[in-house]
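*Asks:* Read top to bottom, the protein sequences are chains A and B. Here the first sequence stands for residues 1 to 408, numbered as in full-length UniProt numbering. Here the second sequence stands for residues 1 to 408, numbered as in full-length UniProt numbering.
Simulated from the structure, these hints should not be mistaken for lab results. Heads up, some of the hints might be wrong.
Pairs involving identical chains hold if they fit within one copy or between any two copies, as the list cannot separate such chains.
Unchecked claim - The list that follows gives simulated cross-link-like pairs (lysine to any residue, SDA-like), each with its CA atoms no further than 25 Å apart:
1) Lys91 to Leu3
2) Lys122 to Glu369
3) Lys122 to Pro284
4) Lys274 to Arg227
5) Lys55 to Tyr129
6) Lys30 to Ile51
7) Lys118 to Asn144
8) Lys118 to Pro252
9) Lys209 to Ile253
10) Lys118 to Arg227
11) Lys55 to His355
12) Lys55 to Glu87
13) Lys318 to Thr378
14) Lys49 to Thr305
15) Lys91 to Asn144
16) Lys49 to Gln374
17) Lys30 to Arg227
18) Lys209 to Ala2
19) Lys223 to Asp306
20) Lys101 to Pro63
21) Lys122 to Asn317
22) Lys101 to Asn144
23) Lys101 to Glu119
24) Lys101 to Ile116
25) Lys209 to Glu389
26) Lys101 to Arg64
The chain contents come next:
Protein chains: 2
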Amino acid sequence: MALIVQKYGGTSVANPERIRNVARRVARYKAMGHQVVVVVSAMSGETNKLIGLAKELMAEPDPRELDMIISTGEQVTIGLTALALIELGIKAKSYTGAQVKILTDDSYTKARILNIDKENLKADLDAGYVCVVAGFQGEDENGNITTLGRGGSDTTGVALAAALGADECQIYTDVDGVYTTDPRVVPEARRLKSITFEEMLELASQGSKVLQIRSVEFAGKYKVKLRVLSSFEEEGDGTLITFEEEDNMEQPIISGIAFNRDEAKITVLGVPDKPGIAYQILGPIADANIDVDMIIQNTGADGTTDFTFTVHKNEMNKALNILRDKVQGHIGAREISGDDKIAKVSVVGVGMRSHVGIASQMFRTLAEEGINIQMISTSEIKIAVVVDEKYLELAVRVLHKAFELEAA
Amino acid sequence: MALIVQKYGGTSVANPERIRNVARRVARYKAMGHQVVVVVSAMSGETNKLIGLAKELMAEPDPRELDMIISTGEQVTIGLTALALIELGIKAKSYTGAQVKILTDDSYTKARILNIDKENLKADLDAGYVCVVAGFQGEDENGNITTLGRGGSDTTGVALAAALGADECQIYTDVDGVYTTDPRVVPEARRLKSITFEEMLELASQGSKVLQIRSVEFAGKYKVKLRVLSSFEEEGDGTLITFEEEDNMEQPIISGIAFNRDEAKITVLGVPDKPGIAYQILGPIADANIDVDMIIQNTGADGTTDFTFTVHKNEMNKALNILRDKVQGHIGAREISGDDKIAKVSVVGVGMRSHVGIASQMFRTLAEEGINIQMISTSEIKIAVVVDEKYLELAVRVLHKAFELEAA
Chain A
1 MALIVQKYGG
11 TSVANPERIR
21 NVARRVARYK
31 AMGHQVVVVV
41 SAMSGETNKL
51 IGLAKELMAE
61 PDPRELDMII
71 STGEQVTIGL
81 TALALIELGI
91 KAKSYTGAQV
101 KILTDDSYTK
111 ARILNIDKEN
121 LKADLDAGYV
131 CVVAGFQGED
141 ENGNITTLGR
151 GGSDTTGVAL
161 AAALGADECQ
171 IYTDVDGVYT
181 TDPRVVPEAR
191 RLKSITFEEM
201 LELASQGSKV
211 LQIRSVEFAG
221 KYKVKLRVLS
231 SFEEEGDGTL
241 ITFEEEDNME
251 QPIISGIAFN
261 RDEAKITVLG
271 VPDKPGIAYQ
281 ILGPIADANI
291 DVDMIIQNTG
301 ADGTTDFTFT
311 VHKNEMNKAL
321 NILRDKVQGH
331 IGAREISGDD
341 KIAKVSVVGV
351 GMRSHVGIAS
361 QMFRTLAEEG
371 INIQMISTSE
381 IKIAVVVDEK
391 YLELAVRVLH
401 KAFELEAA
Chain B
1 MALIVQKYGG
11 TSVANPERIR
21 NVARRVARYK
31 AMGHQVVVVV
41 SAMSGETNKL
51 IGLAKELMAE
61 PDPRELDMII
71 STGEQVTIGL
81 TALALIELGI
91 KAKSYTGAQV
101 KILTDDSYTK
111 ARILNIDKEN
121 LKADLDAGYV
131 CVVAGFQGED
141 ENGNITTLGR
151 GGSDTTGVAL
161 AAALGADECQ
171 IYTDVDGVYT
181 TDPRVVPEAR
191 RLKSITFEEM
201 LELASQGSKV
211 LQIRSVEFAG
221 KYKVKLRVLS
231 SFEEEGDGTL
241 ITFEEEDNME
251 QPIISGIAFN
261 RDEAKITVLG
271 VPDKPGIAYQ
281 ILGPIADANI
291 DVDMIIQNTG
301 ADGTTDFTFT
311 VHKNEMNKAL
321 NILRDKVQGH
331 IGAREISGDD
341 KIAKVSVVGV
351 GMRSHVGIAS
361 QMFRTLAEEG
371 INIQMISTSE
381 IKIAVVVDEK
391 YLELAVRVLH
401 KAFELEAA
């Protein structure tokens, strides 16, 4: 008997028929003697519908009230999923985040989980219940409802698996695993049987939408065995996210290629090249709760430097205003500019550690296609570049081929 | 400065524009210096939509899960209403029933309020907030979400007014007050400026849909000043529900005529006429949580008696099955029959206490129209009769005229 946490995304619970499918799958695991915790998202489209309603009343909705509203999406789904299970003769009980309770900080719309009280769930699991928990939501210490941000249901699933010491956390989605890259861009993309946690983390942070990065971080921190599966296929083992590199001669150097169209580039030109500049620029950005991804600073020849960083497209104008209002005069920068017509492409693989020349191969491949590289950022197992948005698909396709990712 | 609780029904918050209207009205009261608690229902149609979804998954939905699902309707509205207020520059904060907290028993789908914790609301009101509370819902002692049954938002409003010691509880609805009868049936029906609590209680219990009976009971018990108003009119004083009969020569004998098409009649024929029969028949009905309204027992001549009672139409078959399975053989009844083609018509008025002959006037009026009376039930201020459903409108119209209710 194992304890399994299964998380189903919005498309997997999009309508009553699909919810019945989820219930049937849960029933099979139950019949095998497992204890099952089910985490569900809102029915696909619901969260956006609710946000739309909120924006009709307030263009930038008060975040506490927005969380109050959008958290209902998952609350409907847990009730419906529990009904589908009960209809199959399975004991089931739904829980909101607050009922579990999943304690978060009070950063509405992007709260972080602080603690999970597992006692209620444990007692119900031991009494034979399937526990159906609302993803994406929690409660702060004052009893206010919070949400974890887009994709937060994955985080809920992994955090519950960690808190309960589950044997496996299964993430059911509309794809049947993690691919070498997005098959919509490269039809030859291939499903990976397994991928290391570090690679998955890089892929997620670089824009692969299969798993939300925070859920992967959680899984890594608490050593949760994570598996990505399709909710639309009866069979298939999906992709297992492992903690150790397989000792395998055939281990590919590169596991996958991720990309991201959601970032915008902000450049601060002609900054005096002296200590503290990075903090003076990024401090006010952080204060405004804007996430910064890549950061690059070049040393210039004339005692000034150029400073470039990327933020989410939606926050570019906010960041530009902050820099122009509060920073530019203060630090004596010549110019502040923004560009949201960019895309980021990353190659990721633990094999990089033992193979040199990956970066040069990547740059050569892009150069041969005439694709200019605007920014470069590297980690031990990843090389990411920013290119003009219009070259994104081309870049991904040629890199997928150059690193022979279509081979089985 | 007064403390006012305003309750808005589903049609008053049916869409963003109407929610903005609610916010503007609240803003006017706030500008007068009042403290305001707003109680809202789900947007009209939402609760039925959610029940429909639930029934797609389970024909008779598990009540705990049903409450989990349908309580989201009000949760969306409180968030939207708070946003509309904040957009007007008014400090506002939404509360679910659990957040208040409104403690109920655990009778899912028809829970009763046991206690209301007023401390959070008081603190926020004193800090200048408008508190927007979800109607219709609460939480049991184990933290399960409960709902109060149809119309439960009125009960929430009155219960909050009682707990907070509010100066007035205003019930905003799609009619501008309490009428002598339903104007859709009798166009000459007239709005009452005031009505006594007892009359309102009888009208509500006899099928007048303006206020839910439990809210009137609550208002009576805790002496809450209740006013029914239209949310679609800027002006108008609606109908005030008073605690004392006005010392008014012009006080009409009859205040109004209520009717109800929702009941069905169940008759147990040929029951041995001995002690304990009523309990043996109605005990199993009560155990099944079926509400019984009118009860009539005739003494027969041959040592047997006929026993008749009414239940909600939706529960007639359930009640019949219980009687046939568990009761008929046991008590030796000859026959059990049900009839759901009936309607109940009631005349209500405190003036009845000092005027004789109301009953005979009522019976004569119906007889003149050839309307047969199937059952009669009376209280100090009410006479209710059950007639064939097809005569309902005719009965209401002739009684409205006979008691001169159209007169100003």
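*Asks:* Compare the structure with each hint and give your call.
*Replies:* Hint check results:
1. Lys91 to Leu3: Only inside one copy: Lys91 and Leu3 sit 16 Å apart there, 46 Å across copies, limit 25 Å.
2. Lys122 to Glu369: Neither. Shortest intra-copy (57 Å) and inter-copy (67 Å) distances fail the 25 Å Cα cut-off.
3. Lys122 to Pro284: neither (44 Å within a copy, 37 Å between copies)
4. Lys274 to Arg227: Classified as neither; 47 Å inside a copy, 70 Å across copies.
5. Lys55 to Tyr129: between (39 Å within a copy, 21 Å between copies)
6. Lys30 to Ile51: Result: close neither inside a copy nor across copies, 36 Å intra and 28 Å inter.
7. Lys118 to Asn144: both (20 Å within a copy, 16 Å between copies)
8. Lys118 to Pro252: neither (40 Å within a copy, 63 Å between copies)
9. Lys209 to Ile253: within (22 Å within a copy, 72 Å between copies)
10. Lys118 to Arg227: within (22 Å within a copy, 47 Å between copies)
11. Lys55 to His355: Neither. Shortest intra-copy (51 Å) and inter-copy (59 Å) distances fail the 25 Å Cα cut-off.
12. Lys55 to Glu87: For Lys55 and Glu87, only the inter-copy Cα distance (11 Å) is at most 25 Å; the intra-copy one is 37 Å.
13. Lys318 to Thr378: neither (27 Å within a copy, 70 Å between copies)
14. Lys49 to Thr305: Result: close neither inside a copy nor across copies, 45 Å intra and 60 Å inter.
15. Lys91 to Asn144: The answer is between: 16 Å across copies meets 25 Å, while 29 Å in one copy does not.
16. Lys49 to Gln374: Answer is neither: 37 Å inside a copy and 51 Å across each miss the 25 Å cutoff.
17. Lys30 to Arg227: Within one copy, since 18 Å is at most 25 Å while 54 Å is not.
18. Lys209 to Ala2: Close neither inside one copy (28 Å) nor across copies (53 Å); limit 25 Å.
19. Lys223 to Asp306: Neither: 40 Å inside a copy, 72 Å across copies.
20. Lys101 to Pro63: For Lys101 and Pro63, both the intra-copy (21 Å) and inter-copy (22 Å) Cα distances are at most 25 Å.
21. Lys122 to Asn317: For Lys122 and Asn317, the Cα distance exceeds 25 Å both inside one copy (47 Å) and across copies (40 Å).
22. Lys101 to Asn144: both (12 Å within a copy, 12 Å between copies)
23. Lys101 to Glu119: Result: close both inside a copy and across copies, 9 Å intra and 22 Å inter.
24. Lys101 to Ile116: Result: close both inside a copy and across copies, 6 Å intra and 22 Å inter.
25. Lys209 to Glu389: within (18 Å within a copy, 61 Å between copies)
26. Lys101 to Arg64: The answer is both: 18 Å in one copy and 18 Å across copies each meet 25 Å.
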